[in-house]
Amino acid sequence: MKPFALSLLAMLCLSAAHAEPTATGDLGLIIERAKGSVLLVDQSERAALARIEGLGDLSHASLVYSSDERFAYVFGRDGGLTKVDIVKREIANRVVQAGNAIGGAISDDGTLVAVSNYEPGGVRIFDADTLEMVADIATDSKTIGLVDAPGRRFVFTMWDTGETWIADLSGALEITKIPDMGDRPYDALITANGRTYITGLFGEDGLTALDLWSETPEPIRVLPNYGRGQEEMPVYKMPHLEGWAHTGAEFVLPAVGHHEVLWIDADSLQETGRTRTHGQPVFAMARPDGRHVWVNFAHPLNDTIQVIDTVTKQIVHEFKPGPAVLHMEFTPRGHEVWLSVRDAGKVMIYDTHTFEKLREIEADSPSGIFFTARAHRTGL
Amino acid sequence: MDRFTKTYRDPVPPPRRRTRSMFTANAVFSAAFLLATAALAAETIDPGALKRLVHQDCGSCHGLTLKGGLGPDLRAENIQHHDVDSLKFVILNGIPETPMPPWQPLISEEEAEWVARYLLDPETME
Chain U
106 MKPFALSLLA
116 MLCLSAAHAE
126 PTATGDLGLI
136 IERAKGSVLL
146 VDQSERAALA
156 RIEGLGDLSH
166 ASLVYSSDER
176 FAYVFGRDGG
186 LTKVDIVKRE
196 IANRVVQAGN
206 AIGGAISDDG
216 TLVAVSNYEP
226 GGVRIFDADT
236 LEMVADIATD
246 SKTIGLVDAP
256 GRRFVFTMWD
266 TGETWIADLS
276 GALEITKIPD
286 MGDRPYDALI
296 TANGRTYITG
306 LFGEDGLTAL
316 DLWSETPEPI
326 RVLPNYGRGQ
336 EEMPVYKMPH
346 LEGWAHTGAE
356 FVLPAVGHHE
366 VLWIDADSLQ
376 ETGRTRTHGQ
386 PVFAMARPDG
396 RHVWVNFAHP
406 LNDTIQVIDT
416 VTKQIVHEFK
426 PGPAVLHMEF
436 TPRGHEVWLS
446 VRDAGKVMIY
456 DTHTFEKLRE
466 IEADSPSGIF
476 FTARAHRTGL
Chain B
31 MDRFTKTYRD
41 PVPPPRRRTR
51 SMFTANAVFS
61 AAFLLATAAL
71 AAETIDPGAL
81 KRLVHQDCGS
91 CHGLTLKGGL
101 GPDLRAENIQ
111 HHDVDSLKFV
121 ILNGIPETPM
131 PPWQPLISEE
141 EAEWVARYLL
151 DPETME
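Top line first, the protein sequences correspond to chains U and B.
Mapping of the first sequence onto our numbering: residues 106 to 485, in sequence order.
Mapping of the second sequence onto our numbering: residues 31 to 156, in sequence order.
Treat the hints with caution; some may be incorrect.
To be verified - Derived pair list, reagent style DSS-like, types lysine-lysine, alpha-carbon separation capped at 30 Å: (1) B:K81 with U:K193; (2) B:K81 with U:K342; (3) U:K282 with U:K193; (4) U:K462 with U:K425.
Read the hints as simulated data drawn from the structure, not as lab findings.
Next up, chain B with everything else stripped away, as it sits in the complex (with noise of 0.2 Å):
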């Protein structure tokens, strides 16, 4: 019992907060990071895709349904107290000493953000 809940207790670390000092150069980077991307982006979100990786590939842990499996329950209605920097950021890393795989690897960051968007508020994604 003490490894699980050593392992789950709220896995998900807290957002990462930019320092002052560091917002400008990052805000500009944003910027224009996000103009060269907007474009790229249009194009290569895929919805279909993106649903189907959910409930297939991360449904072979967390249950085609998201209600949970050998990974926690992903239903919207159990993930809001997150948000979506919190959940993408998982996404992309994984979570260290648990089977949470980083995702890096095999999506990018706009793509995981579309499915931490997905996760919380599946609705409006449709």
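Chain U on its own, in the form it takes in the complex (with noise of 0.2 Å):
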């Protein structure tokens, strides 16, 4: 902790003091949430660089980047959306928009700012410059599952209503509602080119996507019934949908209440196949090219990582990085990945082919990690 805590020191001087430009490509933020921190890093060099204080609980925090790589908006527990500027490695502007929120999105142009509130129940749209809140939409619900979609707009769900509404900012704010989406969708998804977004649900199997590129989406059901005949296990934590495979145009997603993740045909939308894991997964996330999909699991079992072929959807390696895996991050192209690991009080580095662990970082209760990279991808 000292020589950290030192080198960390001997950065900031230097940040001060050095004029050189500074290309952020390599940077991200690590979320270290009992703290209300950031943990700037560079992922090339494999290194801390600084620490930035003061964003507020953070606990379940996410954030996105804004399209130049500079600035980051991030998303806290408490309401709290901060934009942080890592350039200068200082929070650039900071306001508490609501009592209690869950995450947020940008716009395709970069120029707006949406986050998801639980309470009060709604999405507020800000100015990406200024902070300043240029819509309010409120929803009656606790929201959840926002992504940002082509064209200037807004997608986002209700977990109380089941409604998914599609907000469109390209001229004045128009309001499209989807209801019957499901019981209680907890999360969602939106594919990189855009077209397909799919909620999972809590309160029945099965999952539900919406044709973004249809004139007037309607509920597509996925997998209704998947657990059918099944014992549902309790979940002690609810899954997130961020990852998608690729290879044969497939998603992987986590199932709710049952040890198992499920592929599904990008296209068709029918189930592909059925991998028996570990535990509740948490995370399915796709290495970059596609090839593998790491997963990590809910409490009690989040101590281990697996690691699935796409090609065959057999688990290939299955290693134990430590206690309370949260989060895993793939270096743009896929060599590397990133886990927070909680309750180490570290982040650790693997090689993805070797599998071997190549570097710890030390940070104070680890849990998001986000690569800049994520600038330039829709729904990220």
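From the two separate chains plus the hints, produce the assembled complex.
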């Protein structure tokens, strides 16, 4: 801890003094959830550069990047929206926009930042430059699964009422409401091309998709009753939907209440397979080339990672990085992966081909890891 | 909105009441049980680990500061209408048809009781 603090201090002094231009393409931020800080890291150096503090309650925090990869918009649980300047390594602006928030998104043109709120339920949209509110969409429900869609649109879903809304801000705000998405949607994803939006359901076995290329998107049931005949298992942490495997054009998604991941054909939305897993999957994330999917698990099996080959759908590697593996982030071309191991107070870096551990970085209760390459991807 | 109120309106069932006829047997059993576990409990209750469980793992739905998220607000000032028994019951058994899972497979009765007391009065459990 001490050498780390010293090197951090040295870095901070250095950063204040040096006037070198900073390239941000290899940088990333790691959420330190208990401390309310983010750790600025360099992915190619495998090093921490600086800690930026004062971001409030960061449990379940996430962030998106401005299209120039200079600013991060950090969405805190306490409703705080913090704009972090990763070049100057400081907070550029901060507003507390709600009492209880769950995540956000940035519009395709980079000018609008939207935040999804539990309390008051709804979505608020801010000017990315000034953080002034430009739209306030009340939904009377906890909102989840907020993503950006092409054409200056945001898509989000109501936990309580099972509706999905599409907010179109290409002109004056227009909202399209799609009812009957299912019982208690808990999260959603949008495919990289911005066409398909999929919500996972807590209240029923199954998922619901929307074809956003359709003039009038209708709910499409995916894998209804996928757990039929199986015993429901307790879910100690809700899964996240954030991965999609490209190989063979399939989605891979965590099941809820069943210890397996589900494979779905991206065109037909029909099931193409299942893989039994070690526990309740939380993240099933495809390595950027799509060859492998890495899966972590809910409490109390959250010390383990399984790696699944997307061609054979078989588990090819399993290991235990340490207590409470909360999140993983691949380098943009997938040669390395960073894992946050919360209760070890470390972020661990692995080679994704040899599975060899390359480096550990000290971090305070690390959770989400976000590299700047996300700036250029729809839905991230 | 309907589904929301239906799901979350006072989700905590009232504490179970023991019938009079069962009381004696139960008391004897409880006394024996308490004697048997008292020594054990001192060793098995790890307040640090339980506090971590509350804030980190309960916190994944109820928030790190317990102010609520997908699950309801669990801060002491907002749950005083519950008692130790009813909270302990919910922790161990979960609430059917809601995301609250039963923690019985993972923690003991004593640990659940500690968590219930901690939620109701965090100060005295420090």
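Violated constraints from the hint list, given by number and in increasing order: 1, 3
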